[in-house]
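Mind assembling these two chains? They're in different frames, but the hints should get you there.
From first to last, the protein sequence lines stand for chains A and B.
Everything in the first sequence is counted per this note's numbering, starting at 1 for the first residue and increasing by one.
Everything in the second sequence is counted per this note's numbering, starting at 1001 for the first residue and increasing by one.
Some clues are possibly wrong.
[Claimed, not checked] Here are some, though not all, of the chain A residues that point toward chain B, as calculated from beta-carbon distances under 7 angstroms:
| # | residue |
| --- | --- |
| 1 | Thr206 |
| 2 | His208 |
| 3 | Asp246 |
| 4 | Lys250 |
| 5 | Gly274 |
| 6 | Leu296 |
| 7 | Pro297 |
[To be verified] Short derived list, chain B residues pointing at chain A, Cβ under 10 angstroms:
| # | residue |
| --- | --- |
| 8 | Ile1015 |
| 9 | Asp1067 |
| 10 | Ala1083 |
| 11 | Arg1096 |
[As the list claims (entries may be wrong)] Distance condition first, Cα-Cα at most 25 angstroms in a straight line; then the derived PhoX-like pairs of lysine-lysine:
| # | chain 1 | residue 1 | chain 2 | residue 2 |
| --- | --- | --- | --- | --- |
| 12 | A | Lys250 | B | Lys1075 |
| 13 | A | Lys286 | A | Lys229 |
| 14 | A | Lys250 | B | Lys1042 |
Treat the hints as calculated values from the structure; they're not laboratory data.
Computed from a prediction, not measured in an experiment: that's the story for all the values here.
Even glycine gets a Cβ: it sits at the ideal position worked out from N, Cα and C.
So you can see what is in the structure, the chains are spelled out below.
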Amino acid sequence: MVPLGAPMKILIVDDEPTNLVVLTALLVKEGHAIIAATNGQEAIEKFKMERPDMVLMDVLMPDMDGYEATASIKELCHDDFVPVIFLTALSDEQSLIKGLDAGGDDFLAKPYSRATLRAKIRAMQRIRSLNIALREQRDELAHYHRKTQEELELAKHVFAAITRNSYHDVSCFQSWSEAQSHFSGDLILSARTPTGDVNLLIGDCTGHGLSAAVGAIPISDIFYAMSKKGFSIGEIIQEMNRKLADLMPKDMFFAACFASVSADGCSLSIWNAGMPDVLVFDRECKTAQRIGSAHLPLGIQKYDWRDMGMQIVDISSNTTVLFYTDGLVEATNEAGEPFGLARLEQALCAEPDRERTADAVTQALRQFTAGARRRDDVSLLAVGGKEWCATSGFSYVHGEHTTRMPAAWRMEATFSAQSLRNFELPPIVSNFVMDVQAPEGHADRICTVVTELYSNALEHGLLGLASAMKDGPHGFARYYHLRESRLADIKDGSIRISLVHRPLGEGGELEIVVADSGPGFDTRPLFTDLAGNSQLSGRGIGVVRALCSELEYLGNGNTVRAVYHWSNTAQPRY
Amino acid sequence: MGLSVGVSDDGVVRIVVRGRFDFSVHREFRQAYTSNETRSAKRYVIDMAGAEYIDSAALGMLLLLRDHVGADASKIRLMNCSAAVRDVLQVSNFDRLFDIR
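For reference, chain B alone in the conformation it holds in the complex (with noise of 0.2 angstroms):
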């Protein structure tokens, strides 16, 4: 349950979240892009495979980071999203913003 944060060599930061992705996981994922190593990524990948349910928590999370690299959708990627969670990001059309796959 919840995240794990790992950082490549060439400075891309991998999220991956398992579970539920919602309010309970808001610290941890602030955490993942605030600390020393994870700050200045060249970019971010979050990796919903494992998330089988997100909400409006989350969005809003998503949003908090887009906001940390300054709207640059490049620099955020969101794979392996799930045919729920591509569902929820489709009706609120983040795909505006994010660079999902």
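Extracted from the complex, chain A is given alone in its bound form (with noise of 0.2 angstroms):
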């Protein structure tokens, strides 16, 4: 900064020798240190050596005049501002224009008035601190870019090894994301369990670029982790709302679809935290259902029993399922107004191939978005039906387990039916056995397994729902919300589940027995016909048949044993 009315460096440049004594005198009076130039060249010279703060400008000189050095010396400036006034007898415009126009800033003219002199020193010397500020902050404002840019880069980085992870081998749903400026902050995830169903989310955290990415850490591993141990959307809910919560400022939160594609492709469950109404599209009735925000969103505050229920929408016939981010509604074109809810359904209806769903709304939106500024991130999820979904086998997956050698243990646990309520058992079970005894690449298989079991322990032994309850339109809403009701409402009953494990070779094998204390039923049925046999809950008990080495029904059908074998070298049977 340089104060007002310090001392200064001035180059005085005149041809006459009596002006630049009378100039010098007067100036090294106010304090100014003067360097002293005769002509245009020596001027420029003298410049480049002692880069003063200021110049006074003789005009006419013979070789090279003012006018022609002070563009010169105006050009080795550059950015920074070294005033120049012109010391001149002359008054008529067309010498003033002149002089303005070679880069001159101010004149002085003969003779040479002390008071204003001073006070355009000092008005120029206002014009040089100003700029020196402004170049100043320019520079900082330069780095603060630099790192912003360097910010934006890594949470680039987190979230694209995010997304990375997600489980692609699917062709059940179709995503598509355009971000506002340099990436995404919505957050779109996909992942297996391992009884075959497929998670999905898609949210918006508060914040972009890297206050985006922090949330999006918790919230990608705690999805994936917990979808492949096979625990429920419930306690994934619980346990990202409980993450989000202690981590997070209190002013940040993230809005969220969770939804999970059945194994078999028939049913969705949608759980809607802040976002807009999700779409059920269903292209016979050409009806669309909405399905809006029912809870607060996630990381503010505990959710509650209520909070906890799914909805349930059958997609075996050709019904499509649209989750989207707000900033695919609130998208205008150059007149301001939004693309809206309206402008999206019907995007939806005019596609009547559903495997287009997702190019046909973007396609929509780009036509009506032409030429507007886009004001936020825009993403979309399209979920099909049933043959949309590919089929796929059990996967031989390595897991994080280290190999531990087969050996004898047993494990046996009671659980009364109100205690069945707080949580979901397979998940339990199956990662003990895998924390126990780490059966390499048999954990899809293992929790298949145990999820059947348990299912129909809970389901047909203590609750008393029967699989047919499932058939028919919207079976499995109601199916569902019974089982919840009734659990919610149960007082007496038990499961007991035991887990014996022999080791065999270079493997093992497990015996698993559930046992409910409900009536019992007649298992004959059950055996006679397996093919495409979904009488009971998942992927019926003819996957676990075939799994299995052993299975059968004891006492009155309210006992199940099951028999597992694995090996580290042999392939597995199914």
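In structure tokens:
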């Protein structure tokens, strides 16, 4: 900062020695340091050498005049402001204009008034201070801009790593995302569960760039880890909510839609917390159902049990479910009109081919917003039905468990029906087996067996639900709600689960027994017709039969015993 | 544009929002309830009559205010919300956290 009135280094250029003497005397008295030059060329040389703060330039000089010298000096300055005041007897307009055009900043007429000279110097000093301050701010800004760019690169890297881990090997959904600027802060994740369901998450974390990325890390970690271990969507939501509330500042939250496509591709469970209406479009009846946000976004406060219910939608016929972030419906055209829900529904209705859903919607959006500025990130997720889902077999995936020597162990636990309200037992049991024995590559199958046997025991044995209830339109939804309400009301009953593991060569034999305190059922019809048997929940007892070496019902049908063989070397039988 | 803040004799702080309720008023909004006069108000009334636009940054600001009053819904009142503003609050189910009129 150059304080006003501070001494400066001033270059005086005049071919008349007397003038130089007079001015020098004047300015030295003010405390300034003076450099003198008697012609234009000398002025330029001295300027280069001394770098003065200000120049007083005579106009009429032999060889190179003041205008030419000024133009050269100004060029040497670049973006530094060094004021040049012309010393001139000329007062005609043409000369003044020529001077200003050459780069001169002011004029001082001869004879020199000391007061005027001082005032003009002060004025030039003010402008110079302003110029210096501005350049410092510009440099600081450039520095922060660079830092911001680095942070954006980091956030971009994190987002790419997160989405890379998504389960892509499935054809039952299409996703599309477009960023407002560098990259999108919207999150679309997918993960396959051990029992073959596909969990989906589409969400919008408050903030952009790095702040969105910070939230995305725990969200994706929890989503992938818990999906892989077979935890229910409800449990994943609770854990994620807890983590975000704990980690993030109070003003940050995560609006999201969770969904889960059942393994058979027939039903979709939906949970909407803070996102725009999910559209369920049935192509046969051309009707669109809307599933609105029914919960607070994640990271704000604890959810109570009433918040944990899912909406179940039948997607076995020609139905498409569309999830999207608010950037889609709020995108505007040049006139400032938003795209809106009506136009979105229109675009859905207009496209007969459900595999083209995402394309149809994005095309309609592009046409509508053509030319207008993008206001926000836009993302959408379209989920189809049965035919869409490729029936993928079980994967032989190496988990994170270290291989353990097959050993003998057993575990037995009994749970009252009331305790079973509080958690899902299958992932706990399967993860127990993996932690204790770690039969590499068999996690999915073991989880499926445990889940099937447990679901049957709970739903048929204790809650008295019949599989036939799942048939018909909205059967799944009805069945699910009935399950929830009966479980909430149950007073008596219990389920006992026992695991006995025996080492066998390079692997082992795991005997699973699940017994419920219910009345049992007639098991004979079960074994006569297993083909396409969806008599019981999920993939059906037929799959358990195929996976296990032994399967039998004991007692009056309320106890089931299955034996699963595993080996480190031999390929699994299914 | 921006906010205006007033304190009534009975300890009610009234914050009037005009124009866009977004990140641009973040600092002002925070100052509106953290200054010496407004820090321990009996109730905070936010007049949204002039608020033509509200985004997630604004929702975040409201959550900070809520944290300031110890999550007591009765201490914060959102008044004169336009239909557009109500819609945004509705989708986020913020009516469970605030008294919205």
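Output the numbers, in ascending order, of every earlier hint that fails for this structure. Numbers 2, 3, 8, 10 and 13, in rising order.
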